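Novice: For the record, the sequence lines run as chains A and B. The first sequence: position 943 = 943 (this note's numbering), numbered continuously. The second sequence: position 83 = 83 (this note's numbering), numbered continuously.
What the hints contain is simulated information worked out from the structure, not anything from laboratory work. One or more hints might be untrue.
What the hints assert, rightly or not - Derived contacts from chain A toward chain B, CB cut-off under 10 Å, selection only:
| hint | residue |
| --- | --- |
| 1 | 776 |
| 2 | 778 |
| 3 | 779 |
| 4 | 781 |
| 5 | 782 |
| 6 | 783 |
| 7 | 786 |
| 8 | 789 |
| 9 | 792 |
| 10 | 800 |
| 11 | 802 |
| 12 | 937 |
In this text, all values refer to a predicted model and were calculated from it rather than measured experimentally. Heads up, the beta-carbon is just placed ideally off N, CA and C, and yes, glycines get one too.
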Amino acid sequence: MSLALIAALPFLGALLPGLMIRAGRNACAIAAGSATLLALTGLLLHAPAVFRGEVLHTRIAWLPQLGLDANFVLDGLGLLFAGLILGIGLLIILYARFYLAKSDPMGQFYTYLMLFQGAMTGIVLSDNILLLLIFWELTSLSSFLLIGYWKHLPEGRQGARMALTVTGMGGLAMIAGMLILGQIAGSYDLSVILTKGPEIQASEWYLTALVLILLGCFTKSAQFPFHFWLPHAMAAPTPVSAYLHSATMVKAGLFLMARLWPVLAGTEEWFALVASAGLITMVLGAVIGLYKNDLKALLAFSTVSHLGLITMLLGFGTEAAAVVAVFHIINHATFKAALFMAAGIVDHEAHTRDIRRLGGLRRLMPVTFAIVAVAALSMAGIPPLNGFLSKEMMLEEAFETVWFGLPWLLPALATLGATFSVAYSFRLVAHVFLGPVRDDYPHRPHDPGFGMWAAPAFLAGLVVLIGLLPMTLTGDLVRVVAGAVTGGTAYVNIYHWHGFVPALFMSLAAVGGGLVLLGLHGPLARAWDNAPRPEAKVIFDAIVEPAARLARGFTDALHDGAFTRYAAIFTVAVVAAGAWAFAGGGHVPGARETTPVTPVPAVGWLLLVTCAALLATMHRDRLVSLVLIGVVGLTVALTFAYFSAPDLALTQILVEVATVVLMLLALNFLPKRTPVESSGVRRLRDGAIAAAAGLGAAALAYALMLRDFAFPTISDYHLANAKDLGGGTNVVNVILVDFRGYDTYGEILVLAIGALVIFALTEALLRGPAARRLLARVPDQAKAGDRHPMMLVVATRLALPFVLMVGIYLFLRGHNEPGGGFIAGLLVAIGVLIQYMASGLAWAEARQRADWHAVIAVGALIAAAGGIGSFLADRPFLTSSFGYVTIPPFEKFELATAMVFDLGVFLVVVGVVLLILSSLSRIGIRAGETVNVAPMDIDPSAPRGKER
Amino acid sequence: MELAAEILIAALMVISGVFGLIGSFGLLKLPDLMTRLHAPTKATTLGVGGVLIASMIHFAIFADHISFHELLITLFLLLTAPITAHFIAKSHIHREVRADELPPPAGGAAWGCFERTGDGRRIEVPGERQG
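All chains, please: the whole structure from these sequences, using the hints.
Specialist: Shown next, in the form of structure tokens:
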């Protein structure tokens, strides 16, 4: 399976839960799980090749000009992480199915989870650091959604915000660091960068890049001093915590440090920064963790501590330490995910996570107890479990490392960290599960169903198996991964008995010390609680809140919701910039001859000027200003026609008609006059701004028209190639559907979104307080009788077939002569629109076969299909091919694939205009206006007295 | 033949010009809206029609092909002009005239402009839900 597909599968899978939730919660979980399983299978199929030492690549050019390509790579490191992400993801999906309550929206949960999973898989498979950055930011965003999943809990929202702020800031720093790194290496491809180690370390920018990248890694992996967000993220549902904080999100920082290890590691700066941060985090996290009474908080700080441990090992910069780091990543993922899930089970069953209120669960929840006991003992480093193996190796590495010139300092601190680690692991077992059964649990606990404990039990099984047979199960994996990290071949030998070496005594000291700490826990906890210490959340809030206030004040001053203010700020800024540019550069009068003023343009010009002047003075009367705007629009259409742009003229006329009709409909519900709201001084000021902008624009246009273009325009290319490349002689249409087809596609989507927004707004309007105001509305004019007069009804019915025929004609000839999908769509829409006008909404909707939403959607899909079709022929999006066909008795005519695209445009335009129309009409009905199902109000053919 | 055609075309154009002028003058000069309505609808329609007929003859005789554009233009003019006039008159009556100012219509019927038709009938529009 292509690596790109493996990374894309979770994203595609994210579409499923939202749909499948309608089929039930099991279907939803199975849909998410299937996508994950498929991706995992695809990944494992590559595993043999990776174990043989191959490095797999998938390269897709995306934006090669920027150095941003969708390049994916799979080596040992990627395989390990992708395997963890997808494998534990699968377990989490199973676990979450049983964990989430009925009231939790499960579709949303799985969608977020799959998005996150995709982003993480993307990070570990990226071979391009810019692509990696995109996925990196995606993890920040999707983890924000996951952490804040319980939107009703303030802690959840605050925790999500804090996580996003911290990791997002780190991400920003990392973007800068990665760009510097790419600049030094001369490529954004990891494969290239990894070969440029000596150049990068010799560069004067090395330290800057290192610090910036490490900021990203440390914030993501919760390293001191950025460790505080992780415990606050525990407000998330437990499956999220288990996933994010055992195997994925927080490991992203570690992954990146490991990935860039050959390039960045091995220098003094690296050692000083990474090893120190890791060491401090390890000790600090372990100490704080011991005194946490919340189960998940304890696990959170233990995660912080273990992340510190791995960071420290990576920081040592030796190959042996890297091997240990890799091994511990595997071990930590297994026992920590199991522990988190087990904590969730306890919370789920006993309705509390407070260790002080628990105890004695051993008899009530034997299965959960077994799982926790295995995982916690592994975390404490008790032989023969897997945590013991990696901890022993870590202590050995620590013993051989000199920190700050003091050979005893680092081993001592590492042992201290291990001691506290043992203490909290034992506490977890002792204070929750051992002791007498209590009778005051908030809810009588018992073991959950198999579905819920299956996942943690599986992981606990792994803990034991890896502990017993480390070389058989993980030896090859660790060797391949460590080889990928160090960029060489790593020597891996994991075994239990190292002999009477210092690490053994350090380990023994840690276990002994841990037991002592646990025994003295009561008095120590009281002392800890009484000791003054900085509270991270308070400090964080003290920094963030003033900053947020400042930003809000600034934004409110500029964007206070009044359109006039935005317009004024924008206009003043543009005028000032223009004036500054004009004053700064030299001015040479234009060289072109001015053309003489002929009567026809003069009349058009006079019309425009008169309308503009009238608008400025009479704009308070909204009906009059609408008429004036219509006149301006038609004059512009005439101008297009005068300058031989029939396509533009046609479009302009049709758009003008549709706009005026729709605006008239909207005006029906608005006051007919704009009230005077601003003072005279203010109007004077606004007038001055407007005059400055108008004069500036006029001067600019005048200056431009007196000059030739500084660069050759693209028009000549279009004119020369429309027939050869696009197969059409109507250059405008060829530009729309072929040369700039991408733009057109974007534009019709914007149109469609606009129409849907209008629909959504009117729907909202029909419900909330505005609906009550609408109902209480007193129309400012009496209602007229005979709203649907016979003459109009008959005329529009007669016109409809002609309009449709002309529409089809314009559509078909569009590629070669004025016309095309857009114009035809507008025309047909207006043809239908007059039916609405003539006989009213209810009559028209009763005869409407298709939903306008569906018309828009089908149009967008057809346009997309028309564009994608050219991929089949291995051509870029929207390359049209064309041919000439003869069907007797017709003349020879042309068929182009661009017509499919144009058909999509046509449908979207029709749907958009009519959806807006029917949305606006609904307001009237909601406001209590009557609608009739008969075609006309007074039907002369009906018997007298029975008029409809 | 050509001379006759030229004379005919010229005559039609003059006629249309005269009608156009009269129409515009009437629009300016007539006292109130209902009478003023006659000027553009009748005179201007005929005026434009003259030009169109002239154009058709011109193309048939001098350009050797028959042009149908003018027929279409005529069709649309004839279709839209009365409807426009009808609506202007309707809104004028609606806004400016009270029902008792008008003479009763023949046959005991009511004036359409004042007849409250369709009231009291609420149609549930498909898709509209009461919130």
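Novice: Hint by hint, note whether the structure agrees.
Specialist: Taking the hints in turn, this is what the structure says about them:
1. Because the smallest distance between the Cβ of residue 776/A and any Cβ of chain B comes to about 16 Å, over 10 Å, the interface hint for this residue is violated.
2. Annotation: residue 778/A was flagged as interfacial toward chain B, and the flag is violated, the nearest CB pair being 16 Å apart, outside 10 Å.
3. For residue 779/A, the suggested interface contact is broken, since its CB lies about 13 Å from the closest CB of chain B, more than 10 Å.
4. Because the closest C-beta pair between residue 781/A and chain B is about 8 Å apart, less than 10 Å, the hint holds.
5. The restraint placing residue 782/A at the interface with chain B holds, with a minimum CB-CB distance near 7 Å, inside the 10 Å limit.
6. Interface restraint check for residue 783/A: the shortest CB-CB distance to chain B comes to about 8 Å, inside 10 Å, so the restraint holds.
7. Interface restraint check: residue 786/A against chain B, minimum CB-CB distance 4 Å, threshold 10 Å, status holds.
8. Proximity of residue 789/A to chain B holds as hinted, the smallest CB-CB distance being about 7 Å (cut-off 10 Å).
9. Of the supplied interface hints, the one on residue 792/A holds, with its beta-carbon coming within about 6 Å of a beta-carbon of chain B, less than 10 Å.
10. Interface restraint check for residue 800/A: the shortest CB-CB distance to chain B comes to about 12 Å, outside 10 Å, so the restraint is violated.
11. Because the closest C-beta pair between residue 802/A and chain B is about 9 Å apart, less than 10 Å, the hint holds.
12. Interface hint at residue 937/A: satisfied, since its Cβ lies 4 Å from the closest Cβ of chain B, which is below the 10 Å cut-off.
The structure fails hints 1, 2, 3 and 10 (numbered hints given earlier, in ascending order).
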